[in-house]
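**Student:** Sequence order for the protein chains is D and E.
Following the UniProt record's numbering from start to finish, the first sequence increments by one per residue and tops out at 447.
Following the UniProt record's numbering from start to finish, the second sequence increments by one per residue and tops out at 447.
These aren't lab readings, by the way, just hints derived from the structure by calculation.
If you're wondering where the values come from, they're calculated on a predicted model, not measured in any experiment.
Among these hints, one or two may not hold up.
[Claimed, not checked] Computed cross-link-like contacts, DSBU-like style, restricted to lysine-lysine with a CA-CA straight-line distance of at most 30 Å:
no., chain 1, residue 1, chain 2, residue 2
1, D, Lys-170, D, Lys-86
2, D, Lys-290, E, Lys-410
3, D, Lys-394, E, Lys-394
4, D, Lys-410, E, Lys-409
5, E, Lys-394, D, Lys-410
6, D, Lys-159, E, Lys-313
7, E, Lys-2, D, Lys-313
8, E, Lys-290, D, Lys-378
9, D, Lys-394, E, Lys-410
10, D, Lys-22, D, Lys-86
11, E, Lys-313, D, Lys-290
12, E, Lys-25, E, Lys-290
13, D, Lys-313, E, Lys-167
14, D, Lys-440, E, Lys-410
15, E, Lys-328, D, Lys-331
16, D, Lys-86, D, Lys-25
17, D, Lys-290, E, Lys-378
18, D, Lys-394, E, Lys-313
19, E, Lys-328, D, Lys-313
20, E, Lys-165, D, Lys-313
21, E, Lys-409, D, Lys-290
22, D, Lys-331, D, Lys-378
23, E, Lys-328, D, Lys-378
Protein chains: 2
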Amino acid sequence: MKVVKFGGSSLSDATQLKKVLKIVKADTERRFIIVSAPGKRHETDIKVTDLLIQYADAFLANQSTEMVELAIIERYQQISEEFNLKSALPEIASHIHQLKETKHRDQARVMDLFKSSGENCHAMLIAELFSANGVPATYVNPNDAGILVEDLPGEAIIKPVAYTKIKQLKELDTVAVIPGFFGYTEEGEICTFSRGGSDVTGSIIAAGVSADCYENFTDVDAIYAANPGLIANCQPITELSFREMRELSYTGFRVLHDEALMPARQANVPVIIKNTNNPEAPGTKISAQKVSHPTPVTGIAGDSGFTSIYISKYLMNRQLGFGYDVLKIFKELNLQFDHMPSGIDDITLIMRQNQLTTELENTLISRLTTELELDEIKVMHNISMIALVGEGMKNNIGVASRATSALSKKHINLEMINQGSSEVSILFAIEDSHTDEAIKALYHEFF
Amino acid sequence: MKVVKFGGSSLSDATQLKKVLKIVKADTERRFIIVSAPGKRHETDIKVTDLLIQYADAFLANQSTEMVELAIIERYQQISEEFNLKSALPEIASHIHQLKETKHRDQARVMDLFKSSGENCHAMLIAELFSANGVPATYVNPNDAGILVEDLPGEAIIKPVAYTKIKQLKELDTVAVIPGFFGYTEEGEICTFSRGGSDVTGSIIAAGVSADCYENFTDVDAIYAANPGLIANCQPITELSFREMRELSYTGFRVLHDEALMPARQANVPVIIKNTNNPEAPGTKISAQKVSHPTPVTGIAGDSGFTSIYISKYLMNRQLGFGYDVLKIFKELNLQFDHMPSGIDDITLIMRQNQLTTELENTLISRLTTELELDEIKVMHNISMIALVGEGMKNNIGVASRATSALSKKHINLEMINQGSSEVSILFAIEDSHTDEAIKALYHEFF
Numbered sequence: 001m002k003v004v005k006f007g008g009s010s011l012s013d014a015t016q017l018k019k020v021l022k023i024v025k026a027d028t029e030r031r032f033i034i035v036s037a038p039g040k041r042h043e044t045d046i047k048v049t050d051l052l053i054q055y056a057d058a059f060l061a062n063q064s065t066e067m068v069e070l071a072i073i074e075r076y077q078q079i080s081e082e083f084n085l086k087s088a089l090p091e092i093a094s095h096i097h098q099l100k101e102t103k104h105r106d107q108a109r110v111m112d113l114f115k116s117s118g119e120n121c122h123a124m125l126i127a128e129l130f131s132a133n134g135v136p137a138t139y140v141n142p143n144d145a146g147i148l149v150e151d152l153p154g155e156a157i158i159k160p161v162a163y164t165k166i167k168q169l170k171e172l173d174t175v176a177v178i179p180g181f182f183g184y185t186e187e188g189e190i191c192t193f194s195r196g197g198s199d200v201t202g203s204i205i206a207a208g209v210s211a212d213c214y215e216n217f218t219d220v221d222a223i224y225a226a227n228p229g230l231i232a233n234c235q236p237i238t239e240l241s242f243r244e245m246r247e248l249s250y251t252g253f254r255v256l257h258d259e260a261l262m263p264a265r266q267a268n269v270p271v272i273i274k275n276t277n278n279p280e281a282p283g284t285k286i287s288a289q290k291v292s293h294p295t296p297v298t299g300i301a302g303d304s305g306f307t308s309i310y311i312s313k314y315l316m317n318r319q320l321g322f323g324y325d326v327l328k329i330f331k332e333l334n335l336q337f338d339h340m341p342s343g344i345d346d347i348t349l350i351m352r353q354n355q356l357t358t359e360l361e362n363t364l365i366s367r368l369t370t371e372l373e374l375d376e377i378k379v380m381h382n383i384s385m386i387a388l389v390g391e392g393m394k395n396n397i398g399v400a401s402r403a404t405s406a407l408s409k410k411h412i413n414l415e416m417i418n419q420g421s422s423e424v425s426i427l428f429a430i431e432d433s434h435t436d437e438a439i440k441a442l443y444h445e446f447f
Numbered sequence: 001m002k003v004v005k006f007g008g009s010s011l012s013d014a015t016q017l018k019k020v021l022k023i024v025k026a027d028t029e030r031r032f033i034i035v036s037a038p039g040k041r042h043e044t045d046i047k048v049t050d051l052l053i054q055y056a057d058a059f060l061a062n063q064s065t066e067m068v069e070l071a072i073i074e075r076y077q078q079i080s081e082e083f084n085l086k087s088a089l090p091e092i093a094s095h096i097h098q099l100k101e102t103k104h105r106d107q108a109r110v111m112d113l114f115k116s117s118g119e120n121c122h123a124m125l126i127a128e129l130f131s132a133n134g135v136p137a138t139y140v141n142p143n144d145a146g147i148l149v150e151d152l153p154g155e156a157i158i159k160p161v162a163y164t165k166i167k168q169l170k171e172l173d174t175v176a177v178i179p180g181f182f183g184y185t186e187e188g189e190i191c192t193f194s195r196g197g198s199d200v201t202g203s204i205i206a207a208g209v210s211a212d213c214y215e216n217f218t219d220v221d222a223i224y225a226a227n228p229g230l231i232a233n234c235q236p237i238t239e240l241s242f243r244e245m246r247e248l249s250y251t252g253f254r255v256l257h258d259e260a261l262m263p264a265r266q267a268n269v270p271v272i273i274k275n276t277n278n279p280e281a282p283g284t285k286i287s288a289q290k291v292s293h294p295t296p297v298t299g300i301a302g303d304s305g306f307t308s309i310y311i312s313k314y315l316m317n318r319q320l321g322f323g324y325d326v327l328k329i330f331k332e333l334n335l336q337f338d339h340m341p342s343g344i345d346d347i348t349l350i351m352r353q354n355q356l357t358t359e360l361e362n363t364l365i366s367r368l369t370t371e372l373e374l375d376e377i378k379v380m381h382n383i384s385m386i387a388l389v390g391e392g393m394k395n396n397i398g399v400a401s402r403a404t405s406a407l408s409k410k411h412i413n414l415e416m417i418n419q420g421s422s423e424v425s426i427l428f429a430i431e432d433s434h435t436d437e438a439i440k441a442l443y444h445e446f447f
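Pulled out of the complex, with its shape left as it was, chain D reads as follows:
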């Protein structure tokens, strides 16, 4: 039994939907189909979700919504006509028109209700499309599916208790078509996951029904060992562990976001990234245990936007609880640090720059300096973190040496090296401006 999620570009028009139909037909184990809203058909097209946001904005501003309503309905209409479908479209049109009758004036709730309609309507249409083309299918509303979430508009989180009901989906005797991206609260309100949240729905359903795998169809053949926009003919990754995927996504890989992997990971369901436009390609399999480690390094990622704060105090490491006192100030200012490498009498705190306003940065520095009686404090902005990730690194002496040597040959100075005993990754901090160059140098060293 497989759970299959299709992204917006895989469902954008009739041409794409024919590919989807073929994929679903090709394997009778594909029983749970999670759909996104229709995506872009071409470079300058507008995604249905973005049209729905325009609709919500106009509605909240008491402006005319007629044109945008028509534009949204037209997307479904085109598909409906091409497949000669009859029943879903009137319901879709009515649903879109009725959105503006909502009594809610709470902006976040209105936004979630409007945005969720893109996936919801598409699921109705696709269920009809499947049934009319030899794949008996049922549209299942997330409420009926049991996707019960915490009441956090735009940032919904599944409630653990939900899985009991989701499990019952296994009893359905047709293919289930479930809209991605949203769930329902205890009070019956719609709440969406963060953007890209159809991936989350797929992962939740996969965990709930204990699927054999969760196939995530998108528009790339695989996850690549580095940014393919940067490296010509970049090598695809055939197998990844969940840990590797997590470390790669932390530093810039955007194929699947972290929340999307969590339910599948916890339920030990492998995730397979595949291409709707080239379903024969093996794709990338993400699972708890990789079978083979052909290379010590699996992938290389890089992300900018970090700030480092270096603090030093003589005999710091004799002072019981010094680190605790540092992190207490961070916690009190609601700041999250990502790494904390240390010398003997110094600690460097590395954090995401976007947490800091100038004012907050000044407060942080002044509190650290005075409360901890520091000898020195230095702030460095515009730091990039480069991650070298691979389960095969653990027992491979010399990875660190090859990596530092490759960077040194390009005259890239290391502000920080961080390797914990997990050894799934080595992290380097460098100046922002060298990010691309560093990734290229590391790629050519290891691939």
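With chain D fixed as given, assemble chain E onto it according to the hints.
**Tutor:** Frame of chain D; chain E shown alone:
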């Protein structure tokens, strides 16, 4: 104006004292002489301090002390006779005999009183010796010198207010001979510094009188770039910064302990390590600012006895205050961590093994696991920390690369690499059993 401290082996007998006299005479700037108790004259000799500890132990156990008293006095007597001195010896003998009349029964206080006598008596004798040999000198008791300390027997700490009185020593018109190792509390009780504490006294006096330098005479020509017992013909270090010295002493260099450097460092007084037996050798100068950085790496040190605790939890770095919660448990258990490198979802805590009993280790692990809801925890004992130290590393691209490559060639796996943005040091964690091999490999790479 120079403060000069002589260690026990430099003051062990008349032969050594003649060298000391010559050194003091050679430079009229040498105005403040800090003396240790007489040390070993040969391999199987017993230091006077150790004799005094035997004396104290016997006294506290109400055993006979006659033999040990004589053994102690004899050491001073020999020197006194060789130099034909008259006045100090009777006072020394009387002081030693009277120790057993003390009314104190508090063990720590008795120990401090007895132990301090070694330095105290020697300072009296040496002041007479200097005066009788062309160097007018005055014995200055630490109480008169103003060495006012916190009441912590065996672990005395100078009170900041003390420096005002110490400064007045500058007005003395002879050489001052001051016993090292101890000070007086507000209540007039003797309190010793931790063992090796004559170095501390020298540093305090140097800071108090704002000396041009603090010469520390011992029995080695210099501080070496690595353990000279391990590396044949190991290179001496001519110049060190305080930061470098601190990082080297953290990981095993035992020439001067950290507390000993602190007062001089804070008062910006350079410290010079010299050899009584070869005063012509330039020695090693430790100061705030090194003039030159002939090599990127200044020294290599290694120390064993560390434990690493690896903890992991999925999406750890999204959890505000996670690091704080970890360190809170450490603080509550009175445990000190030394380093905390991290991956994305894991943190490794590296700490001195000697803090942990089996029971405490179990408590720590169980608290971390349950209170933080960890996915995984792994403990690794018998870790060594190797430090590569050098002010010249900061702008020297490639040091990390050369170091990791040298270790990799010897098939030494790195459990951890830690380089903060200070870049005065890179720390490697390796298995204990590879310590010597790692130091040798790094030495041969950089020297």
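**Student:** So which hints don't hold here, by number, going up?
**Tutor:** Result: no hint breaks.
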